[in-house]
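Protein chains: 2
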Amino acid sequence: MMKDINIGLIGFGTIGTGLVKLLRQNEELITKKLGARLVLKKIADIDITTQRGVKVGKNLMTTDAREIINDKDIPIVIELMGGYEPARTFVLEAIAKGKHIVTANKALLATYGNEIFPAAQKKAVDIGFEASVGGTIPIIKTLKESLVANKINSIMGIMNGTCNFILSKMTDEDKMFDVVLKEAQRLGFAEADPTFDIEGIDTAHKMAIILSLAYGKTVNLKDIYLEGITKVSREDIAFARELGYRIKLLAIAMLKDGAVEARIHPTMISSGHLLANVNQNYNAFHIMGDASGPVFLFGQGAGMMPTASAVFSDIIDSARNVLNGTNCRGPLRSISETDMQQIKLIPMDNVETKYYFRFSALDRPGVLSRISGILGKYNISIATCIQKARGKKGAVPIVMTTYKAQEKNVQQALKKIDKLDIVQGKTILIRIEDDLN
Amino acid sequence: MMKDINIGLIGFGTIGTGLVKLLRQNEELITKKLGARLVLKKIADIDITTQRGVKVGKNLMTTDAREIINDKDIPIVIELMGGYEPARTFVLEAIAKGKHIVTANKALLATYGNEIFPAAQKKAVDIGFEASVGGTIPIIKTLKESLVANKINSIMGIMNGTCNFILSKMTDEDKMFDVVLKEAQRLGFAEADPTFDIEGIDTAHKMAIILSLAYGKTVNLKDIYLEGITKVSREDIAFARELGYRIKLLAIAMLKDGAVEARIHPTMISSGHLLANVNQNYNAFHIMGDASGPVFLFGQGAGMMPTASAVFSDIIDSARNVLNGTNCRGPLRSISETDMQQIKLIPMDNVETKYYFRFSALDRPGVLSRISGILGKYNISIATCIQKARGKKGAVPIVMTTYKAQEKNVQQALKKIDKLDIVQGKTILIRIEDDLN
Chain A
2 MMKDINIGLI GFGTIGTGLV KLLRQNEELI TKKLGARLVL KKIADIDITT QRGVKVGKNL
62 MTTDAREIIN DKDIPIVIEL MGGYEPARTF VLEAIAKGKH IVTANKALLA TYGNEIFPAA
122 QKKAVDIGFE ASVGGTIPII KTLKESLVAN KINSIMGIMN GTCNFILSKM TDEDKMFDVV
182 LKEAQRLGFA EADPTFDIEG IDTAHKMAII LSLAYGKTVN LKDIYLEGIT KVSREDIAFA
242 RELGYRIKLL AIAMLKDGAV EARIHPTMIS SGHLLANVNQ NYNAFHIMGD ASGPVFLFGQ
302 GAGMMPTASA VFSDIIDSAR NVLNGTNCRG PLRSISETDM QQIKLIPMDN VETKYYFRFS
362 ALDRPGVLSR ISGILGKYNI SIATCIQKAR GKKGAVPIVM TTYKAQEKNV QQALKKIDKL
422 DIVQGKTILI RIEDDLN
Chain B
2 MMKDINIGLI GFGTIGTGLV KLLRQNEELI TKKLGARLVL KKIADIDITT QRGVKVGKNL
62 MTTDAREIIN DKDIPIVIEL MGGYEPARTF VLEAIAKGKH IVTANKALLA TYGNEIFPAA
122 QKKAVDIGFE ASVGGTIPII KTLKESLVAN KINSIMGIMN GTCNFILSKM TDEDKMFDVV
182 LKEAQRLGFA EADPTFDIEG IDTAHKMAII LSLAYGKTVN LKDIYLEGIT KVSREDIAFA
242 RELGYRIKLL AIAMLKDGAV EARIHPTMIS SGHLLANVNQ NYNAFHIMGD ASGPVFLFGQ
302 GAGMMPTASA VFSDIIDSAR NVLNGTNCRG PLRSISETDM QQIKLIPMDN VETKYYFRFS
362 ALDRPGVLSR ISGILGKYNI SIATCIQKAR GKKGAVPIVM TTYKAQEKNV QQALKKIDKL
422 DIVQGKTILI RIEDDLN
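Residue numbers (my numbering), protein chains in the order written: chain A, 2 to 438; chain B, 2 to 438.
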């Protein structure tokens, strides 16, 4: 006889609606693959009246999440409300009741992961969080399972669709940041208050989760170097193009002599690289394993149905465990929670990479020699230099790219250069990663 | 106390050597993630004397695979010998002894899958085969687990590194097929007898495995339409470029009104598409799920360490099952083996796609009208037409691309056109897929 597995959903927003839609749409296929029927027994949300465009019986709806958490017949709880509280409380309570958790809540896991995962391990319940990073892209499974035998030398990710939409539009249509942001808001690709996305905070949350999987270590969120996209200008995008680059908000993690470097900032990458060709609101990950070599994954990082697809992969994983009593057959993150340690990241000052500078300098003799003289003193070697518009009055842009240099030296050199009487305004700095494979 | 899990390796070639290398190289990391020690207890190969560049104790080596198959202390058998026999016999014997199997052998699974998988399900043992398709790319896991709730509307894959290396080189360096094939052989990207790769047979094997995962159906290998790359010419690559396309050997599976279409042939795809930018010997998959939208996966499809990385993901999956007694918690392929059915694919005659034609026609008045007249009669609409070199003596190329047309009509039209007195030589046909997302 076909078994039923009950699931309870907390949070009936966009993704929650997608989940119900997908369950209805592909029910036969899902049942066949699972060998059991998934039954959505209860949905909790503070709003149980708004029509979501999916048919849900009134008796399924409740405003009280604890009707799900305390229901002995629901072994799997899906948390799709987002935010810190009451999500954290609900998840911890559900774990305490022995429920398996499926969640898309990156903010929650990045901030309270060290509370939630050990609690789950103690109760031997699953935490599925494929949808928390990269939406529909199987990045969690790939790091946890597929690349399990690899040292992860680097991960570079485009992890925020809003930022990627804005930068792609600015690049392809030569538009200004503010104009594109408004367009993104109109299209629903950016929130009314877009801070969380455009300042890179959402990316940092995802990066923290990625680090815990790739390195079996947790980090302090604040230690991840973070720069959003608000200062990326049309002018720099145009110079990038001239230099053979595209600008992307990259989250970069690298293993260097056993230590980990993690930073998020607008980055120039070669226009021929796969990551440079991730456009619109898509996400992507470029992983370099010591055995695998480069692995590149691409897909929708958000959205109703793509995210629901990822949530479902976790639900079915957990449902298989419920059916077979095979929960917690592997670590929840990368290694046993009792072995997880918090590490210090390599300080940004010590990071070495290549740089793009755009100086605003007066068009006078000797300008280039004074700027390059200071760079030289700080061990910064110039790779290319573009100086245009000679003869114009006022400041003109001088663009340089460098070979690998140390961040601390770069910051000190720019401080000195910005004080020169011939330099007007703050020098623009964008980091370059072009020795990707 | 830390447990040991014994593994036995049958086949000590390139991938087998990579496996031993990786186990030595990342032993600490693997042990930490698994929570147990993987112990390579025995290696069987007909050649136990050649040095492979990895240290292996003499007592580990045997020429008798049954020393592994019959060893009660080895729960996981890794078959990396390739080919049909004795691989098939060994795998079936190991299954009968209750061993979990990890294999990279696509030929075996594509041909004897309907014997091997049901036998494994009966004995409740795992069959890990991530390395059989796409090398290091997690395509098996993605189809089985990550996209489990999706209807797979299409899969387009570059599944053979040799072909991709040859086509990429021909395209980027404007070289002829024979020249590049020799280069590929010299570099070790092509076998001395390259038939298996360049005629698409290897790709067909992989396609059969992919179909069983994506659609829960098995097919007769011979029913997959198959065209290799030996007829791709510099001239067509140049015309493709002019039309904004690149030529790749694509394996294409599509769901059409519930039926499945599967074909392998040189294909023109838009040069901006991710698949068009998969160069060298890399592999890639572009999957369109009904909920996920496009998912794109890229990596090394072969090679010692990338393949070993995939083999390891299966070994660790199985080792976790051995540790926890959680074997066979999901179907081995897509659905229970007892539900797997063999289906008929949509016949190639009924396939509808876009086409590129290159006619060799005498440069006389009325040529275009006679050719296009025949195409029109068969319901084939011309999208673009390139006619060059007017005034030259002898045959000149006339290139056309079409809107969607039916294969049967196309074949019949070309047969008529090739009989025209003004047409010399056989018309070249290359299929186009340019409405990918």
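Watch out, some of these pointers could steer you wrong.
The calculated label-pair distances, taken between Cβ atoms and stated as ranges, are [claimed, not checked]:
(1) A:G83 with B:R38: 52 to 62 Å
(2) B:A260 with A:R242: 29 to 39 Å
(3) A:N60 with B:M3: 43 to 53 Å
(4) A:N60 with B:G245: 48 to 58 Å
(5) A:G189 with B:G273: 18 to 28 Å
(6) B:L324 with A:V40: 26 to 36 Å
(7) B:E29 with A:N60: 32 to 42 Å
Listed next, the stretches of chain A that the computed footprint assigns to chain B, with coverage defined by at least 3 CB atoms under 8 Å from CB atoms of chain B [to be verified]:
(8) 26 to 33
(9) 150 to 156
(10) 217 to 228
(11) 288 to 302
(12) 331 to 343
Everything labelled a hint here was simulated from the structure, so no lab data went into it.
All C-beta atoms, glycine included, are put in the ideal place defined by N, C-alpha and C.
Hint by hint, here is what the structure shows:
1. A:G83 with B:R38: 52 to 62 Å: violated, 41 Å
2. B:A260 with A:R242: 29 to 39 Å: violated, 46 Å
3. A:N60 with B:M3: 43 to 53 Å: Distance hint for N60 of chain A, M3 of chain B holds at roughly 51 Å.
4. A:N60 with B:G245: 48 to 58 Å: At 56 Å between Cβs, range holds.
5. A:G189 with B:G273: 18 to 28 Å: This hint holds: roughly 25 Å between Cβ atoms.
6. B:L324 with A:V40: 26 to 36 Å: holds, 31 Å
7. B:E29 with A:N60: 32 to 42 Å: violated, 54 Å
8. 26 to 33: holds (count 5)
9. 150 to 156: holds (count 3)
10. 217 to 228: violated (count 1)
11. 288 to 302: holds (count 12)
12. 331 to 343: holds (count 6)
The earlier numbered hints that this structure contradicts are 1, 2, 7, 10.
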